[in-house]
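Sequence order for the protein chains is A and B. When we follow our numbering, the leftmost residue of the first sequence carries the number 21, and every step to the right adds one. When we follow our numbering, the leftmost residue of the second sequence carries the number 565, and every step to the right adds one.
For the record, the hints were derived by calculation from the structure and aren't laboratory data. Possibly wrong hints are sitting among the right ones.
[To be verified] DEER-style ranges, computed between Cβ atoms:
#, chain 1, residue 1, chain 2, residue 2, range
1, B, Ala566, A, Tyr59, 15 to 25 Å
2, B, Val652, A, Lys88, 44 to 54 Å
3, A, Pro60, B, Thr584, 25 to 35 Å
4, A, Lys89, B, Gln581, 13 to 23 Å
5, A, Gln65, B, Thr571, 27 to 37 Å
6, B, Pro625, A, Thr25, 20 to 30 Å
7, B, Tyr665, A, Asn81, 32 to 42 Å
8, B, Arg608, A, Ser46, 11 to 21 Å
9, B, Thr676, A, Tyr59, 20 to 30 Å
10, A, Lys88, B, Asn634, 38 to 48 Å
11, A, Glu35, B, Asn634, 46 to 56 Å
12, B, Glu643, A, His102, 38 to 48 Å
13, A, His102, B, Pro625, 36 to 46 Å
Even for Gly, the Cβ is constructed at its ideal location relative to N, Cα and C.
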Amino acid sequence: AQSVTQLGSHVSVSEGALVLLRCNYSSSVPPYLFWYVQYPNQGLQLLLKYTTGATLVKGINGFEAEFKKSETSFHLTKPSAHMSDAAEYFCAVSPNAGNNRKLIWGLGTSLAVNP
Amino acid sequence: NAGVTQTPKFQVLKTGQSMTLQCAQDMNHNSMYWYRQDPGMGLRLIYYSASEGTTDKGEVPNGYNVSRLNKREFSLRLESAAPSQTSVYFCASTWTGGLFYGYTFGSGTRLTVV
């Protein structure tokens, strides 16, 4: 069965520092991979996705993630954190098989950005 | 371009009362989903509808019912609300006909059962 593990339920960085949020998955077939962001009291917004092709994916707000099949990872990074990046981040995976579009979710990582 | 619209945004119910959460999408998506979000538990799937006319249980369906009214609308009903159903509820939708681009989410309904 597919699963998603996000290492660290809370991550704190200083403004201007590197942001690294970790996501590992298990999947029996090549997956679709996603990162979503949730700002306080809002819905989830797609940050970036890997479906096929280039393994380094760029998203909104300067975030990017790299699909590493050998490590079954899809870590999210941003070179320089901004105060506005403080939010909850969710990694999700869906098996790339037929029309199955159910997403398996990680438990989320809360990112705090300190001035 | 409204996307996914959920109503109401906030609701307080007394134990035993019933209510229906409404969800509508205007993106011609065929699949729709209801999730609940609780602190420390991430997103849990309640019910989903892969296409108009079909519904299936997710991880936590007990105490809920759904109706896929048409391609646009997917409602979630609590027949007899319990304090354990205090949560934030999200509706989402997607198109499953080709490459998967992920879900589009509504802004949520914050439900408190007292």
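Hint-by-hint comparison with the structure:
1. B/Ala566 to A/Tyr59: 15 to 25 Å: 19 Å, holds
2. B/Val652 to A/Lys88: 44 to 54 Å: 33 Å, violated
3. A/Pro60 to B/Thr584: 25 to 35 Å: Cβ of A/Pro60 to Cβ of B/Thr584: about 27 Å, so the range 25 to 35 Å holds.
4. A/Lys89 to B/Gln581: 13 to 23 Å: Given range 13 to 23 Å: violated, Cβ gap about 50 Å.
5. A/Gln65 to B/Thr571: 27 to 37 Å: 20 Å, violated
6. B/Pro625 to A/Thr25: 20 to 30 Å: 25 Å, holds
7. B/Tyr665 to A/Asn81: 32 to 42 Å: Because 18 Å falls outside the window, the suggested range is violated.
8. B/Arg608 to A/Ser46: 11 to 21 Å: 19 Å, holds
9. B/Thr676 to A/Tyr59: 20 to 30 Å: 21 Å, holds
10. A/Lys88 to B/Asn634: 38 to 48 Å: 42 Å, holds
11. A/Glu35 to B/Asn634: 46 to 56 Å: At roughly 47 Å between Cβ atoms, B/Asn634 and A/Glu35 fall inside 46 to 56 Å, so the hint holds.
12. B/Glu643 to A/His102: 38 to 48 Å: Once the Cβ atoms are compared, 45 Å apart, the range 38 to 48 Å for A/His102 and B/Glu643 holds.
13. A/His102 to B/Pro625: 36 to 46 Å: 40 Å, holds
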